[in-house]
Amino acid sequence: MITLGKDEIAKYPFLADAGQYLKDKGFTLEQFGIDPDLKISLEKAFSRVQVSADGKIYKSDLIDGEASKDYVLEREVFSFLLAIVLLKLTGMNTLIKRFALAEARRAEKYLEKDLANITDESKKELAIRIIDDLFSIQIKKQDDDFIIPISNYLKHSVNFHEREWKLINRRVGNGFVYLTSHETVRLIRKELSSYINSKIINAKTPSMIAGFEDPVNQLISLSKKFVTYTVTTGEYPPCIKHAIEVLEKGENLPHSGRFMLATFLLARNQSVEQIAPLFKNAPDYNERVTLYQLNHLAGASGSGTQYSCPSCEKLKTQNLCFAIPECDNIFNPLQFGKKRK
Amino acid sequence: MQEKEIKFLEDSFKKYYFDHFDLIHVPERTSEREFGFQKFNSGMIRHISLKDNKELHLLLMQNIPSDVYCSNAYYSFPNLPMNEKDWKEADLIFDIDAKDLHLDCRPNHSVTKCNECNQVSTSHDHCSQCNSIKIETKSLPCKNCIEASKKEVFKLSNILIDDLAVDKNNIQVYFSGNEGFHVYVYNSQLQELGSRERSDLVDYIMFRGAIPETFGMKKLKPNRSLFPEFEEKGWRGRFSKEIFSSKSKRSKIISELISNGYSNFNKKLQDISTKIGSQIDPNVTMDIHRIFRLPGSLNSKSGLTKIYCQDLQKFDPYTESSFLNENTVEIKANCPIEFKLKSKKFGPFSDEIATVPTFAAVYMICKNLATIS
Numbered sequence: 001m002i003t004l005g006k007d008e009i010a011k012y013p014f015l016a017d018a019g020q021y022l023k024d025k026g027f028t029l030e031q032f033g034i035d036p037d038l039k040i041s042l043e044k045a046f047s048r049v050q051v052s053a054d055g056k057i058y059k060s061d062l063i064d065g066e067a068s069k070d071y072v073l074e075r076e077v078f079s080f081l082l083a084i085v086l087l088k089l090t091g092m093n094t095l096i097k098r099f100a101l102a103e104a105r106r107a108e109k110y111l112e113k114d115l116a117n118i119t120d121e122s123k124k125e126l127a128i129r130i131i132d133d134l135f136s137i138q139i140k141k142q143d144d145d146f147i148i149p150i151s152n153y154l155k156h157s158v159n160f161h162e163r164e165w166k167l168i169n170r171r172v173g174n175g176f177v178y179l180t181s182h183e184t185v186r187l188i189r190k191e192l193s194s195y196i197n198s199k200i201i202n203a204k205t206p207s208m209i210a211g212f213e214d215p216v217n218q219l220i221s222l223s224k225k226f227v228t229y230t231v232t233t234g235e236y237p238p239c240i241k242h243a244i245e246v247l248e249k250g251e252n253l254p255h256s257g258r259f260m261l262a263t264f265l266l267a268r269n270q271s272v273e274q275i276a277p278l279f280k281n282a283p284d285y286n287e288r289v290t291l292y293q294l295n296h297l298a299g300a301s302g303s304g305t306q307y308s309c310p311s312c313e314k315l316k317t318q319n320l321c322f323a324i325p326e327c328d329n330i331f332n333p334l335q336f337g338k339k340r341k
Numbered sequence: 001m002q003e004k005e006i007k008f009l010e011d012s013f014k015k016y017y018f019d020h021f022d023l024i025h026v027p028e029r030t031s032e033r034e035f036g037f038q039k040f041n042s043g044m045i046r047h048i049s050l051k052d053n054k055e056l057h058l059l060l061m062q063n064i065p066s067d068v069y070c071s072n073a074y075y076s077f078p079n080l081p082m083n084e085k086d087w088k089e090a091d092l093i094f095d096i097d098a099k100d101l102h103l104d105c106r107p108n109h110s111v112t113k114c115n116e117c118n119q120v121s122t123s124h125d126h127c128s129q130c131n132s133i134k135i136e137t138k139s140l141p142c143k144n145c146i147e148a149s150k151k152e153v154f155k156l157s158n159i160l161i162d163d164l165a166v167d168k169n170n171i172q173v174y175f176s177g178n179e180g181f182h183v184y185v186y187n188s189q190l191q192e193l194g195s196r197e198r199s200d201l202v203d204y205i206m207f208r209g210a211i212p213e214t215f216g217m218k219k220l221k222p223n224r225s226l227f228p229e230f231e232e233k234g235w236r237g238r239f240s241k242e243i244f245s246s247k248s249k250r251s252k253i254i255s256e257l258i259s260n261g262y263s264n265f266n267k268k269l270q271d272i273s274t275k276i277g278s279q280i281d282p283n284v285t286m287d288i289h290r291i292f293r294l295p296g297s298l299n300s301k302s303g304l305t306k307i308y309c310q311d312l313q314k315f316d317p318y319t320e321s322s323f324l325n326e327n328t329v330e331i332k333a334n335c336p337i338e339f340k341l342k343s344k345k346f347g348p349f350s351d352e353i354a355t356v357p358t359f360a361a362v363y364m365i366c367k368n369l370a371t372i373s
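Chains as they are written, first to last, in our numbering: chain D, 1 to 341; chain E, 1 to 373.
If you are wondering where the hints come from, they were derived from the structure by calculation, not from laboratory data. Don't take each hint at face value.
Quick list of in silico lysine to any residue cross-link-like pairs, SDA-like style, CA-CA up to 25 Å [to be verified]:
#, chain 1, residue 1, chain 2, residue 2
1, D, K140, D, Y195
2, D, K316, E, K219
3, E, K301, D, G250
4, E, K301, D, H255
5, D, K316, E, K7
6, D, K199, D, N93
7, E, K267, D, R171
8, E, K88, D, S303
9, E, K7, D, N286
10, D, K140, E, A165
11, D, K141, E, H109
12, E, K168, E, K314
13, E, K275, D, K141
14, E, K113, E, H124
15, E, K268, D, I324
16, E, K267, E, S255
17, E, K275, D, G250
18, E, K134, D, V289
19, E, K88, D, S136
One chain only, chain E, in its complex shape (with noise of 0.2 Å):
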């Protein structure tokens, strides 16, 4: 990104940040969490350790940060070195993102751009003008995609709520500023868990590593006794609701399962893992040391805000998370693909200068698919 584009960028997130300190917050327990940001073109700053709103206003205002975040792990000093912080606890984090679904709409609002010759293209494997494979890929707001990962966000909570008890009003629901949901649990029995466990327990909500021999199936001598009922609590009453369907069906449907032999139904198992488990970022639940993006701060990727989903049903991030200004700005734009934001259509743009409001600029400019003219 050229100096131009990178002084509009932060002139817009420094009036965001002016404008909406009421949207962003320290979390609680301030004194115990890790605080980092990273400026425009630059590297992660971190270890840094806040005390309260102001004084994370004042970080905004005086580095106007393209990215902030902030620890989901308490320590006794957040600001010391990784192995001298003296990590005492870390809520539960889960991150669901709209490109790990893989869905069939992706190739129709994804479009790359070039590392090597900067062609900005809607073909996928290489880039159609200097043939290079080092090309990088946009994604462009999708509904589906949404609504897609509001589905996973659904999964994920049913499990939290009914298997790992967590209460419901523990659970809160972010849209991450770009294409995906962020979910955290505070206060549960899984706030000591260490990385290993986390591990173990991402695999338990993905229904990942799940043997034939837990739902009944046997080897040698299969009994059908041992098949779950529709009743039943965690993942056997899930696993019968989704390969029985019904009741009425359960008797004909273990039979056949029985004939299928035991190698079909563990292929069966891993099958179904990404329809009914919940397709999240293992990495992230996993990292009890991660920086996660703060709620109320901006996203670089998009410049739209990590905002909290009230009401996930009906909640459209991009209406609903886009708070940059209206004023209009003249840009060149390279953008293939029409996309919609604040209710506005925008684009397609080929290669072309446009006046658009400040928050169509910014996300263009964000993705790397328009300058500032």
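Just chain D, with the same shape it has in the complex (with noise of 0.2 Å):
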């Protein structure tokens, strides 16, 4: 356990045992709901999930991470644990995910100053300890740059979806990766979000408290605007049409093309004996090992596991991607055509 000074608590409120938190500055929930000094930070908490329901960052009343006062420091911590304690008895999933992300991007600035820190090394030191200790990642300064082993680095990488994050795009050498301090921070945004998320996820429901709700009752009636609705067109997408294009020429489409095709068209809920007949005319068709296949694909037969349709960022690689603008930047062939209203 990483042992925090009372700036660090404020910067990252998240590693912060709550109930200790607060049972150390001898307050209780319910004050919070009647006190009208401690209202505030119950109004600070509930801007706080409203913010990131934006998609925007809190703005704290530190600067650079400090503050001239112990109690501007108390209240930041008070208003994150406030905020949890809204969410959940909102118990609303998608404010909970918003409000982490939020959190995670504030905490992210946070992190990357103490860690490019030069005039003070133990700032540096517990950036560099928060991320091996929260997310595994074993950082080493190395002139300019901070360098990663690559195996780490894609263990988060891959939660990415654009080029830049590929390995390719990436200084490479000796085993290790070259990041600036913004990137090596930027490359745990997602975990450092799904971490506060669970955390939230796991923390236990109290029930309702006197003052509490009002703010409870306005963020439930805010998520409400963030039920989406989708229609799907129904046209298949570009790699499929090709994998159908490649059999009805009769041309041979590699084991993994066959595998993306039958696992597409049983999600889209066709039929093994639907499916069977689009093999006919492979090269080296043989009925009875299709069905076999298929079958085996829908989780008919042997472990029962049914097979999910692969990514677009896997049918790259297996040179099965044949994107269209209409794509639309997908991560699976399934979101094709289905627009969100």
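Two independent chains are provided; combine them into the complex using the hints.
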């Protein structure tokens, strides 16, 4: 467990033991609902959630991660802890997700600053330790760069869809990836946000506290605007069209292409019997084997695992992607033609 | 394949396995590996666990498999169904196959066999007799293919050593037993990577997905100082050596690149990908549950052995991987292209009876270009 100073808890409140923190400060949750002085913290908590729901980052009262008065630091931590209480009371997962992401981005700023701190070595060390403890990334400083082992890098970078995060677009040498402080911290944004998210999800939901009803109700109505509807055009994406064309021509579609086609059509609720004839023209077609394999993919035989359609990223590597503008940066062929409304 | 041919192949394979136990060993950490095998004209039997060489040799003698495989992965329970095996880690593996290199020589040493009428011909897109497009392509040994594949292996090992810090002693290269090479990397930091991570590593090794910005080219206001230097590590260094060819030309070529614009630069990156990237089979490296041909075992596509290459530069697969015996056998061969095995020339045969050594007979029968007469 990392020991944090006062200003560090304010910067990284998700590292604190919430219940313990309140106890140490001599407060109960109920006081925040009624005590006019403490209510400021509840209001701040409400705005912290509200701002995050808008996709923005809460602007804290800290200046460069520090505050002139202790009570400002405390209020920072209280508002974070109370925001979690509010979120638990609303029970809205969309709000929790947005809050976790916004808080991750807020912490990211401080981590980046601490990491690049050349005057205070201890701040840099703390940032390195937080990243190692939470995400098992061993960062070393080398000249102006931060270097991390390739295996560490890949475990996190695969969560990004932007091309600049691909290993090929990084400086690599001697088993390390070279990053700036900004990139190092950006690398863990998703994990940081899921760390905060899971901390909130796993926190106990208190029963309603007097004085909390209003903000909770407001947040519930706020979350309703995030419900989305999708419509599907039903058209096949270019990779699937291409695979079907290859088979229709009687040309050989590699195993990976057949896997993609079958899992895609199964996911679109076609039956094994409907799919099998597509493979009839393949040079090595064997009805018995095709049906066996399709049933296997559908989870009807073997271990019962239902195989899912590969991601666009994987299909690109397998030379099976023929993206067109209509693909619109989807991550999986199954998303093709689905529009959010 | 008919029974007569299967019996002949099984007898030859059995003799090989009996005489050459010294070439076939279980890999390290045997009990954590999954083994599998196939018999001629039959499906795959997998999820087998073995303790030691003795058990492996017993399996070979009892089953006379056409192909034997072993996982690159390590499991707690290798003999249980896939989702109960408890995957721990996997060696990094690479497959470099001449057929994926799209070499100009391919048509000269490939034949097709029609699945409808069995006609063998040198026509490549349809059957010359019945016009069917259901044809199988068979390739025969070619020095050029092997040399080109070796080049890809050298490119790969340079990237592994320089960029990924893999210890040279932890890289092992094998001839696959047909037309390419299998490369294993042991004990690297990459052992625990999953399939998605390996997929990105594949793109790195193949030089795919590179964006112009990485190599100094910007869409707006290009800046000369961002272009890579000769001495740089990794792809930026290799890219500059390829594009600038010498330090003295660097400045002039940067000016050209900038004046040709962003999208031309992007196209250039794609064009040089196959030249400077290593042409590995992405599916093999991405697969962390694969059972991969066991070193020392025979390849049923050729009857040649998957064998360790001590000195890749000098290695000649078509003399060094052929271990089947020299006893002659009479076959009916339909192989319109000449080929060379163990420094002897065979063919061309035009649907004729021929007496050839066992290793050559097995080779043609495995390729479906001959039958026992």
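Okay, which hints does this one fail, numbers in order? Those not satisfied are hints 5, 11, 13, 17.
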